[in-house]
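Undergrad: From just these sequences and the hints, can you work out the full model?
These protein sequence lines map, in sequence, to chains R and E. All residue numbers for the first sequence refer to the working numbering, where the first residue is 1 and numbers rise by one. All residue numbers for the second sequence refer to the working numbering, where the first residue is 1 and numbers rise by one.
Hint data in this document are derived by calculation from the structure and do not stem from the laboratory. All values reported here derive from a predicted model rather than from experimental measurement. One or more of the hints may lead you astray.
To be verified - According to the in silico footprint, chain R covers these stretches of chain E (three or more CB under 8 angstroms from chain R):
1. 29-37
2. 171-177
What the hints assert, rightly or not - Selected chain R positions facing chain E (Cβ under 10 angstroms, derived; list incomplete):
3. Gly295
4. Asn319
5. Met391
6. Leu629
C-beta: ideal position from N, C-alpha, C; glycine also.
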Amino acid sequence: MLRAFFLAFALVLCLCLPGARVEAQTQDLQSILQTHADEVASPGRRSVGTVIDALVASGLPAVPQFLERWADRSVYQRESDGLFYYAKENGDTYSLTDISTGADAGTAPSAEMTEIRPNGGVRRVIATALVQFQLSDPDIARRRDALDAISRSPEADQLEPLRASIEGETDDDLRARKERLAGMLAARYGDTPEERIAAIEALSGALSVDVRAVLNQILSSDTAVAAALPEGANIARTLTPGEDLTEAEAYAQLVAADLAPAIQSRDQIKAALTANIADGRVGGVPIGALNTEDGRARAYAALAGAGTVPPLVTEEDRNAALAAHVFYEEYEEPDAAITDAAREALDEVETRVAMNQALDLGLDALSLASIYFLAAIGLAITFGVMGVINMAHGEFIMMGAYTGYVVQQIIPDYTVSIIVALPLAFAVTFGAGVAMERLVIRWLYHRPLETLLATFGISIALQQLAKNIFGTQARPLTSPSWLDGAWVLNDVVSIANIRIAIFVLALIFLGLILFVLNKTRLGLEVRAVTQNPGMAASMGINPDKINMLTFGLGSGIAGIAGVAIGLYAKVTSEMGADYIVQSFMTVVVGGVGNVWGTLAGAGLIGILQKGIEFLNPSNTLAAQTYMILFIILFIQVRPKGIVALKGRAAGD
Amino acid sequence: MTRQTFLTQNRSIFWFLLALAVFVLIVTVLSEATGNGMISTSFVKTLGKTLCLMLVAIAMDVVWGYTGILSLGHMAFFGLGGYMIGMWLMYARTEIIVAESLRAAAIPPTPEEIHDAIGTQIFGVVGSSDFPLIWAFASSFWAQLALVVLVPGVLALVFGWLAFRSRVTGVYLSILTQAMTLALSLYLFQNDSGLRGNNGLSGLQNLPGLDAVPQSQVSIAFFWASAVALGLGYVLFAWVVSGKMGSVIRGIRDNESRVRFLGYHVESYKLFVFTLTGIVAGIAGALYYPQAGIINPNEIAPIASIYLAVWVAIGGRGRLYGAALGAAFVSLLSSWFTGGGVPSIPLGFYTIQWTDWWLVLLGVSFVAVTLLAPKGIGGLFDLITARHAVPERVGDFGPDKGARRTVEGEEER
Chain R
1 MLRAFFLAFA LVLCLCLPGA RVEAQTQDLQ SILQTHADEV ASPGRRSVGT
51 VIDALVASGL PAVPQFLERW ADRSVYQRES DGLFYYAKEN GDTYSLTDIS
101 TGADAGTAPS AEMTEIRPNG GVRRVIATAL VQFQLSDPDI ARRRDALDAI
151 SRSPEADQLE PLRASIEGET DDDLRARKER LAGMLAARYG DTPEERIAAI
201 EALSGALSVD VRAVLNQILS SDTAVAAALP EGANIARTLT PGEDLTEAEA
251 YAQLVAADLA PAIQSRDQIK AALTANIADG RVGGVPIGAL NTEDGRARAY
301 AALAGAGTVP PLVTEEDRNA ALAAHVFYEE YEEPDAAITD AAREALDEVE
351 TRVAMNQALD LGLDALSLAS IYFLAAIGLA ITFGVMGVIN MAHGEFIMMG
401 AYTGYVVQQI IPDYTVSIIV ALPLAFAVTF GAGVAMERLV IRWLYHRPLE
451 TLLATFGISI ALQQLAKNIF GTQARPLTSP SWLDGAWVLN DVVSIANIRI
501 AIFVLALIFL GLILFVLNKT RLGLEVRAVT QNPGMAASMG INPDKINMLT
551 FGLGSGIAGI AGVAIGLYAK VTSEMGADYI VQSFMTVVVG GVGNVWGTLA
601 GAGLIGILQK GIEFLNPSNT LAAQTYMILF IILFIQVRPK GIVALKGRAA
651 GD
Chain E
1 MTRQTFLTQN RSIFWFLLAL AVFVLIVTVL SEATGNGMIS TSFVKTLGKT
51 LCLMLVAIAM DVVWGYTGIL SLGHMAFFGL GGYMIGMWLM YARTEIIVAE
101 SLRAAAIPPT PEEIHDAIGT QIFGVVGSSD FPLIWAFASS FWAQLALVVL
151 VPGVLALVFG WLAFRSRVTG VYLSILTQAM TLALSLYLFQ NDSGLRGNNG
201 LSGLQNLPGL DAVPQSQVSI AFFWASAVAL GLGYVLFAWV VSGKMGSVIR
251 GIRDNESRVR FLGYHVESYK LFVFTLTGIV AGIAGALYYP QAGIINPNEI
301 APIASIYLAV WVAIGGRGRL YGAALGAAFV SLLSSWFTGG GVPSIPLGFY
351 TIQWTDWWLV LLGVSFVAVT LLAPKGIGGL FDLITARHAV PERVGDFGPD
401 KGARRTVEGE EER
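TA: This is the structure in structure tokens:
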């Protein structure tokens, strides 16, 4: 009665309002709401549909705003007359806004206003209804949000509004996205099988994750078990126990479907026996004899014979039950034509995904290879060219990384600090390398095993020193913002910018070292001293100086590698130790004394490690183990590495 | 007759065994179990462990100091020996505990039940309960004892055969052995390796069935056993490196090609030495880890094997007692420094805490020993005896500078 009065009142109010667009709309928003006042004030998931339908059907421009605020809980009802307002809390009072016109509607004491609180389910319904308005919203960000919302939770009734909105879309990107999304929705919710099949076939060219999800959803199936395959069901495949699923799993399905009695586990048998102890015996078997499986089986059989426990399921029973039933997977989608089309499309998509994954893996391997190359090239110079094992090479890498860290503490701009850090790291480790060569290594040129141990002593001292200075926790070396992010080719193939930068750095160093060794005076002298120090000295070359410079060069490159590695991994005092064995492997596998050999070694190890990780993704430790085993075997086949020096250059 | 000449040729055996016997006697008299208790049980354990380290250091010396193979993988054999004995210790002890707890049930347990319960107990930490294949013999003490010898022995044999066959020598071989150690430790770090991943095997100090015996007696018993093993190992290796065989392996160290041209099958000699020392390292590990109480893959990490080389180098390569002394000296010093036993040095602006600076000191002193005193601690004995182990060479030296050694561990300048 009261409601009818309000309705009449509202109608009168509406008609009396000057400039009301009565000719276009017969009702305004408030009056529609008043028609469904109960449902608006305390909406339930089922009842809210009628309100929303009425609102949408009215086509009023204020509807989207109302829906949003409704969901946001900023719609209030005045208790005195039951009218709805947008309200804002303002001390003890609420300042009200008229829902239909958006005009200021004065204030009201807070006791008079009731906040309308739609629950989560209702808000989802409201959000779905909002989507169709948002899809054509003039604000591009809101259109994008609406698309995101649809792809998050696609529903059948979104298809029509989505299609309708494609026409008016001005942004090309967004239009393409809408079309794609409409295609995916059509594949799942299209009206006719023909339409769906057409949509599914259109999807087979894509390789994004959501397309695969859509196809997988169409192909979703349930495993089931029955005495015989049901007529008319869309069967994905039949399963053979022992091949497609284990016999235990198959039997568990039978038990779950109440088609067979449960198997008694050992614990259950034991519990049943314990429960039936009588006079020190169970089923006539003395307790002392129950310490074997055989004795327990006899006691249980006796109990089962007396009917006190369910009979034991023997292996024969189990096999007979498995043989008597058929296990199969049934598609949820009843139409076989659709599932066939989806299967075909999915196969095609997966082939393309696999190809792209191979490409992605190749890029990963390339980036890992360039890291190994950077870490190992300095070593290749000292070990390969000079025949000196430098176990402290990893610590030079660490010194370079810490140099980068210290520079970043002084220069806050990351771009500038990296530009400063690279040459500074080279200078620091060059100095350290020269000092080490002068103080230690030149006394040990003819004792390579002792060089190994002496440099190891330096390595543990340097490591502990770094720990004492910088602490044990990892220090960040932040890359400049233009190196953040990734180069994304498509949904499958992407590579971080930082890795591209390291790849470029590795290329630069490859070129630089080849240039220095082959085209400069220093390189010529280095090669001369390497081949025959005595002869080189006779020709006026100072072998001591050359050795010192070569060692410094190798160490300096380690420092730069340290900055590069520190950019994408954490800087710790142990980071060098993580790379030293891999670096040696790279040099040894590639072939000593040759820059191209190091490149080949780094490439082989990078590809190998990524390949093994791909085959066994859960276990990176196993990947490293297998890689080292492979290298040990590889050295059996080619003890001199991939690129073996021949003739006089090989020395020995 | 031969035994007589062998002992008279190697006077160091007598002195070493004498020193060892005196040391054992002193420790026995001072220990808690058999003496007046001046030495705590934990220190007896430390001394027992040190004896095991001395044994593996002697083995390392034979491989490196005598045969010239710088193996950076002998601690892997040591660890494997420990794992093998640890498997039995853990299985047998868990079996007793499990049998105890199952006895309370109304129905006596079946063998299968006990086995499964042990599996759950041991492998619960890595989220499994089934016994991996490698635990097949864990219930048998004698089988595991055989595996202590077999597993390191077979690994050393296979690895050595592969490496020596393809004539990998020098630093390449060192890197390769290091890679082997790294691969093994990484493998053991996995939870599904069957040896409890990085948890390792623990509780090894509790001998199954000997719960009533106090740890002080167990520790002194292990100390004696370690001393006996060290003594036997010393005699064994002294015998290996003396006589004709010793000459050949020293020849291999100094100039492998020349020995090969003389008609010796170099690979067999190297393989024999490598495998034998691997086995001895495994035995030493089997004695060490019941005293340490716990073994995990960290013990097999490459760094452990490098420390082994450091001990031998500081002690003095090419003489067995040097290696043993080096191991004892450095490992005891290390536990003294890292245990905080050394007072820190205040410099006014900075206080040197030896727990932080010990590794720096070790590294630097190691470099210094390599550069300045290649004979190591063992070289001090030359000052006493002042005699040359090898007579002065007469005539031409070979082209390789490595061959120009007239005295062990020293290059002619």
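Undergrad: Of the hints given before, which are not true for this structure?
TA: 1 and 4
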